[in-house]
Amino acid sequence: MNSADIFAVPVGQKVLIYAPLHDVTAIINRIAWKKWSGYLEDNKQCPESALELFSRFEQSQKGEPSCRSGNLTDPLLLGLIPTRACNMSCRYCDFTSSNPAIMSFDTAKNAIRAYLELLHQNDKKKGEIHFFGGEPMIVPELVQFAVEYARYEAGKNKIEIHFELITNGLYSTTLAQWLSQNFDTVILSVDGFGEFQNRFRPMKNGSPSFETVCNNARIFSDSDCEFVIRSCVFQDNAAHLPQWAEWIGNNLLPSMVCFEPMTKSQESQKNEIFPAKPVDFVQNFCTASDILKNFGIPVIFSTTDITKNTNSICPLGQDALIISPEGSISSCYQLETEWKRQKMDLSFGWIDSEGFHFDMEKVNQCREFSVHNKRFCENCFCKYHCTGGCHLSHNTDKVSGLYDDFCIETRMISAAFLLDELNQSALKEEWLSDEDSIRIMAAQSSDRWLDYRSMAIAEL
Amino acid sequence: MNIWNYSFTNNLYWVNDRNGVVVVDEQHQQSYLLGSSESILWRLLIIHIDSDAIIRRFSAIISVSEDEGKGKILSILSKWEKNNLVEHRND
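Protein chains in written order, with this note's numbering: chain A, 1 to 460; chain B, 461 to 551.
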């Protein structure tokens, strides 16, 4: 039995055992934890009391999620960035450019044609085309053209395309109706009630945006597209998350709600917008999540999807083909200036009328963005769900176990989701209301059960 | 929609989703599942853009010249007229 990826996480008076590569999640008490730890280390015959749990480790053993290699024949998705321009002026957003380029119809057409050829050559019958920005819908003609062209061309080879849009919802109801009828998934960013949305996500001219966005949210909600609400959480709106969840549940019917903690940016610092304290974020997240669960609406935080193991949660490392307005290809939808600031070059090719041109050396460099190469994450129980977060903006060039706020939030919410999976809602509530217990868990430098001697729980 | 004196007939409603466009003619109790290029044209017509833009976009989507695109649009409109989906007004 490979014991290296069996994790033990203190949750109040209990210990959460989690082995994602063995499909095992369990709660044991501290006495059992102490008694069984030695057996795990010495690989001795385990006692009868531990037999059920230990045999499950033996029975189900998956490999680590693998990195991509070889030719680029199975891209995760085709991403189109019609423009970096936006009609909003979010107070924490660094996506600003004085003269943003707009993708030409030819670039969109070439990219779609080359992508569909790649799918057809490799006998794939399903594809994904995602639109990122800026705000894609400030060039609606380009988006409408790309969707119609892709659907028409894909139909010739009976390929089914899933269209996804990340949008701010600031446009006419006619356009929102068109989106709701032609996109499979619409991810709408809205940061809460009018007092927050209008203050932190105003229109370019400073006017309030809530009413328009909310009206369009109702259109998406009433349609049969998969509608996802994404709210950015910071210090000012964190405490309102439960009321916001209640309002969503009473007024809209999204397929899912995503609450993401704000990442510090130059703009957020300039405008004195501060991240929520991790414990505040997590407690309000969990309360909001329980409220929405009662409406049948799941809540996610992108680094805590415990339903699957992966080595990269973002398109980077998964051969996504994201096309910039100018036609260069990368797997990252962040701004090129941001890569450069981090001393990275994530572009690995370009598109023209002859098709994709890949620099395979650079493709392989991008495939290296994987949790396997992050020593910082190697002892964390969240490693196969969080994968170290954004490869670009989350600094993992640190000593393992030196967690920052983002890690702490991920660790706590992952543990809360695992407790939900085990129907341990009473334990979850008790643990989340005890700040000392939270700190002990959040600060545990290695979660590997094999490192049990150094775990905080050994001292309890 | 009003393009080259064609306009939608009354008593029509349509369902436009990711699988295509279904047009229902209530008066004649009939429904039509539009083909792929017909669906493209229908969706372009209902977003209210001018006829030049419709020809330009339709031709680009189905990868033909604008002359060919215009011919194809006229033939689709003529087919729709026979099926009572559009009517042609002679000035």
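Where hints are given, some of them may not hold.
To be verified - Just some of the chain B residues that point at chain A, by a computed CB distance under 10 Å:
1. Asn-471
2. Leu-472
3. Val-475
4. Asp-477
5. Ala-520
6. Ser-523
7. Lys-539
8. Asn-543
What the hints assert, rightly or not - Output of the computed footprint for chain B on chain A, the stretches with three or more beta carbons under 8 Å from beta carbons of chain B:
9. 26-34
10. 376-382
These are computed hints drawn from the structure, not numbers from a lab.
For every residue, glycine included, the Cβ atom is placed at its ideal position computed from N, Cα and C.
Quiz item: How does the coverage statement for the stretch 26-34 of chain A fare against chain B, requiring three or more residues with Cβ below 8 Å from a Cβ of that chain?
Solution: That given contact is violated, which follows from only 0 residues of the stretch 26-34 of chain A lying within Cβ reach (below 8 Å) of chain B.
Practice problem: Please verify that hint: Asn-471/B, Cβ, nearest Cβ of chain A, below 10 Å or not. | Solution: Since the shortest Cβ distance to chain A is 21 Å, the answer is violated.
Self-check item: Leu-472/B as chain A interface residue, shortest Cβ-Cβ below 10 Å
Solution: Constraint on Leu-472/B not satisfied, violated at 16 Å.
Self-check item: Interface hint outcome for Ala-520/B [beta carbon to chain A under 10 Å]
Solution: holds, 6 Å
Quiz prompt | Closest C-beta approach of Asn-543/B to chain A relative to 10 Å, hint status | solution = violated, 22 Å
Exercise. Go through the hint on Lys-539/B and say holds or violated, using the shortest Cβ distance to chain A against 10 Å.
Key: Violated. Min distance 18 Å.
Quiz prompt | Ser-523/B as an interface hint toward chain A, with CB separation required under 10 Å | solution = At about 8 Å, which falls below the 10 Å cut-off, the nearest Cβ of chain A leaves the hint on Ser-523/B intact, so it holds.
Quiz item: Should the interface hint for Asp-477/B be scored as holding, given a Cβ-Cβ cut-off of 10 Å against chain A?
Solution: holds, 6 Å
Self-check item: chain B covers the stretch 376-382 of chain A, three or more CB atoms within 8 Å, holds or violated
Solution: violated (count 0)
Self-check item: Hint check, Val-475/B versus chain A [nearest Cβ-Cβ separation less than 10 Å]
Solution: Nearest chain A Cβ about 9 Å off; hint holds.
In summary, the numbered hints that this structure violates are 1, 2, 7, 8, 9, 10.
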